[in-house]
Amino acid sequence: MTPYWEEEDAEEDSAGSMVRPYTITRGRTAPERDDFSLITVLTTVQDPRDEHGVPLRPGRRALQPEHRAILAFCGHPSAVAEVAAELDLPVSVTKILLADLVAQGLLLARAPLSVARAAGGPDLGLLAAVREGLRRL
Amino acid sequence: MTSSQAAPAAVKILIAGGFGVGKTTMVGAVSEVAPLRTEEYLTRASIGVDDLAGVDQKDTTTVALDFGRITVSSELVVYLFGTPGQERFWFMWNDLVNGALGGVVIADTRRLESSFASIDFFESRGIPFVVAINCFHGQNTRSAAEIRDALDLDPQVPLLVGDVRERPFGRDALLALVDHLMSLPAEVEPVPAG
Numbered sequence: 001m002t003p004y005w006e007e008e009d010a011e012e013d014s015a016g017s018m019v020r021p022y023t024i025t026r027g028r029t030a031p032e033r034d035d036f037s038l039i040t041v042l043t044t045v046q047d048p049r050d051e052h053g054v055p056l057r058p059g060r061r062a063l064q065p066e067h068r069a070i071l072a073f074c075g076h077p078s079a080v081a082e083v084a085a086e087l088d089l090p091v092s093v094t095k096i097l098l099a100d101l102v103a104q105g106l107l108l109a110r111a112p113l114s115v116a117r118a119a120g121g122p123d124l125g126l127l128a129a130v131r132e133g134l135r136r137l
Numbered sequence: 138m139t140s141s142q143a144a145p146a147a148v149k150i151l152i153a154g155g156f157g158v159g160k161t162t163m164v165g166a167v168s169e170v171a172p173l174r175t176e177e178y179l180t181r182a183s184i185g186v187d188d189l190a191g192v193d194q195k196d197t198t199t200v201a202l203d204f205g206r207i208t209v210s211s212e213l214v215v216y217l218f219g220t221p222g223q224e225r226f227w228f229m230w231n232d233l234v235n236g237a238l239g240g241v242v243i244a245d246t247r248r249l250e251s252s253f254a255s256i257d258f259f260e261s262r263g264i265p266f267v268v269a270i271n272c273f274h275g276q277n278t279r280s281a282a283e284i285r286d287a288l289d290l291d292p293q294v295p296l297l298v299g300d301v302r303e304r305p306f307g308r309d310a311l312l313a314l315v316d317h318l319m320s321l322p323a324e325v326e327p328v329p330a331g
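Protein sequences, first through last, are from chains H and A.
Residue 1 is where the first sequence starts when you use this note's numbering, and the numbers rise one by one after that.
Residue 138 is where the second sequence starts when you use this note's numbering, and the numbers rise one by one after that.
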């Protein structure tokens, strides 16, 4: 197995690799909202409308190519990690772009199920469903 | 608002263990897609090793992880995240760890110590886990009891021995984790943070 942590490269390239991704976000290094997780699931809104029921027509020029790529990709519901892998962008950069689209009403975000043990842990129905899915593997 | 498809709910399971022990191999063996790779920037400020007033780019490092998915139904997807090989990096990646259903720690009998850190980590975070001993080509000269002893494993933590390249073994390890989760008593008091 090839180790995929390449410490030396990362050390040397970090300055260079920092520049381009954050150019895509126009210099922003944090999303508008910070509640996305790696497995928050995003779905592109078809026929988006504003609160008055008027169809949203986002100026296509207001969207960057990466935004459009996300909207195309999330026609099939996808997790943040999958979008990041698809765009080949770091997770934190991807989250900024996703937040833009959610704020514009073009993308829906679904938070992961709460499974925190402190909050009672995952419910048995969920575990049973996971178990059933795994058994079919 | 309408969407083309309702979004499924997502849960995640962490696949941990020492460097090169077969994490991505296991993810690939059970995932419905070839493992995907994603990266994140982590700043050393997150680990708190130094006083980092004025963090600059030199203090940022890129960590990669591989992940896969298992679609249980149109309403539920399980994501499997192989943790970065060096624990010091994933320990500071809260987003990776938070909200995980549980973990599978893969260990290699020839160097069990390389998985100590993962076990310690799950224990300290109160994340339930199982241990999957990866023995390529059935090369395992140690009994389960010996391995348990060497890993100083709590008796209730499930331990399986097999080949992580094989889907049935990966499946069984994940099933053992789910059964373990189902057998755990409900938490009465919150798990201390950190």
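Think of the hints as simulated: they come from the structure by calculation, not from any bench.
All values reported here derive from a predicted model rather than from experimental measurement.
Hints are supplied without guarantee of correctness; some may be wrong.
[Unchecked claim] So, partial list: chain A residues that the calculated Cβ filter (under 7 Å) puts toward chain H:
| # | residue |
| --- | --- |
| 1 | P172 |
| 2 | T175 |
| 3 | G299 |
| 4 | R302 |
| 5 | F306 |
| 6 | R308 |
[Claimed, not checked] Derived list of chain A stretches under chain H, where covered just means 3 residues or more per stretch with a C-beta under 8 Å from a C-beta of chain H:
| # | region |
| --- | --- |
| 7 | 145-151 |
| 8 | 232-240 |
| 9 | 288-295 |
For every residue, glycine included, the Cβ atom is placed at its ideal position computed from N, Cα and C.
Results of checking the hints against the structure:
1. With a cut of 7 Å, the hint placing P172 of chain A at the interface with chain H is violated, because the nearest CB-to-CB distance is about 10 Å.
2. Because the closest C-beta pair between T175 of chain A and chain H is about 4 Å apart, less than 7 Å, the hint holds.
3. Hint status for G299 of chain A relative to chain H: violated, with the closest Cβ pair at about 14 Å, above 7 Å.
4. At a threshold of 7 Å, the smallest CB-CB gap from R302 of chain A to chain H is about 11 Å, leaving the interface hint violated.
5. For the restraint placing F306 of chain A at the interface with chain H, the shortest Cβ-Cβ distance is roughly 11 Å, beyond the 7 Å limit, so the hint is violated.
6. Given hint, R308 of chain A at the interface with chain H, holds; its Cβ is 4 Å from that chain's nearest Cβ, closer than 7 Å.
7. Coverage of a stretch by a chain is defined here by at least three residues with a beta carbon nearer than 8 Å to that chain's beta carbons; for the region 145-151 of chain A and chain H the count is 5, and the condition holds.
8. Counting residues of the region 232-240 of chain A whose C-beta lies closer than 8 Å to any C-beta of chain H gives 6; at least three are required, and the coverage claim holds.
9. Check result for the region 288-295 of chain A against chain H: violated, 0 residues qualifying (beta carbon to beta carbon below 8 Å, three or more required).
Taken one by one, the earlier hints fail for this structure at numbers 1, 3, 4, 5, 9, listed in ascending order.
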